[in-house]
Amino acid sequence: GQQLNQSPQSMFIQEGEDVSMNCTSSSIFNTWLWYKQDPGEGPVLLIALYKAGELTSNGRLTAQFGITRKDSFLNISASIPSDVGIYFCAGQLTNAGKSTFGDGTTLTVKP
Amino acid sequence: DVKVTQSSRYLVKRTGEKVFLECVQDMDHENMFWYRQDPGLGLRLIYFSYDVKMKEKGDIPEGYSVSREKKERFSLILESASTNQTSMYLCASRATVVQGNEQYFGPGTRLTVT
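Here the protein sequences line up with chains A and B, keeping their order.
Taking our numbering, the leading residue of the first sequence gets 1, the next gets one more, and so forth.
Taking our numbering, the leading residue of the second sequence gets 1, the next gets one more, and so forth.
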């Protein structure tokens with residue numbers, strides 16, 4: 001089956017720093033999604049990407065759909081303490097029911 | 001705003017009990033999913049449904065069953081709860097391609113089986 005490698009597994013950064021994380025796949029996807037999960041809560045959708053090369057922003061977050069359709073990147077600029085959480089990527093094929101999820105990147109922001 | 005709700009945030013059940021977890025979405029989505037999430041194991045798909053009365057097994061269906069009698073509601077059933085089913089259960093619904101193909105999660109149910 002399809003596998004998603006998400007890296008890094010964890011990050012410890014200082015408030016105000018920029019953050020980058022990525023997901024790579026062994027096969028192509030038609031949609032990439034990025035989620036954030038706070039402790040004890042369900043994942044919240046941050047950004048959805050639909051076309052290869054697409055670059056989409058949501059406030060301080062920017063995500064890109066890789067040209068090869070096998071990867072995606074999420075950047076967070078000027079991190080703040082409430083950015084703490086686990087960030088997941090997910091890939092989808094248009095007509096398939098299931099999504100494939102990465103294992104998550106745990107972000108810690110030190111004030 | 002898309003809304004996926006789950007009937008309980010926290011649940012404590014005894015071994016052998018029958019457990020029902022309910023999920024409701026208000027966006028007329030056709031696809032609905034049940035996952036469990038455990039530390040170090042990520043999100044694992046239990047069952048999904050792409051239409052009323054339709055269901056498909058996910059990666060770990062053993063010990064679970066599902067019911068989808070109405071489009072907006074997808075229920076997960078633990079026929080005889082066991083301690084290894086203690087977990088965080090997440091329901092999700094997914095838009096169609098026309099609607100944007102986005103998948104939304106509920107807030108989760110933390111189930112403890114004693």
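Because the hints were derived from the structure by calculation, they are not lab data.
Beta carbons: idealized from backbone N, C-alpha and C, even for Gly.
Incorrect hints may appear among the rest.
[To be verified] Derived list of chain A stretches under chain B, where covered just means 3 residues or more per stretch with a C-beta under 8 Å from a C-beta of chain B:
#	region
1	27-37
2	43-50
3	62-68
[As the list claims (entries may be wrong)] Far from chain A, some chain B residues (derived; all Cβ distances over 10 Å):
#	residue
4	Glu56
5	Arg94
6	Gly108
Okay, the hints, checked on the actual structure:
1. Counting residues of the region 27-37 of chain A whose C-beta lies closer than 8 Å to any C-beta of chain B gives 4; at least three are required, and the coverage claim holds.
2. Counting residues of the region 43-50 of chain A whose CB falls under 8 Å from any CB of chain B gives 5; the rule of at least 3 is met.
3. Taking a C-beta to C-beta cut-off of 8 Å, the region 62-68 of chain A contributes 0 residues in contact with chain B, too few for the three needed, and the coverage statement is violated.
4. For Glu56 (chain B), the non-interface assignment is contradicted: its Cβ lies about 7 Å from the closest Cβ of chain A, within the 10 Å cut-off.
5. In this structure Arg94 (chain B) is not separated from chain A by more than 10 Å, as the shortest Cβ-Cβ distance comes to only about 8 Å.
6. For Gly108 (chain B), the condition that its CB be more than 10 Å from all CB atoms of chain A is violated, with the nearest at approximately 5 Å.
Of the numbered hints given earlier, the model fails hints 3, 4, 5 and 6; all others are met.
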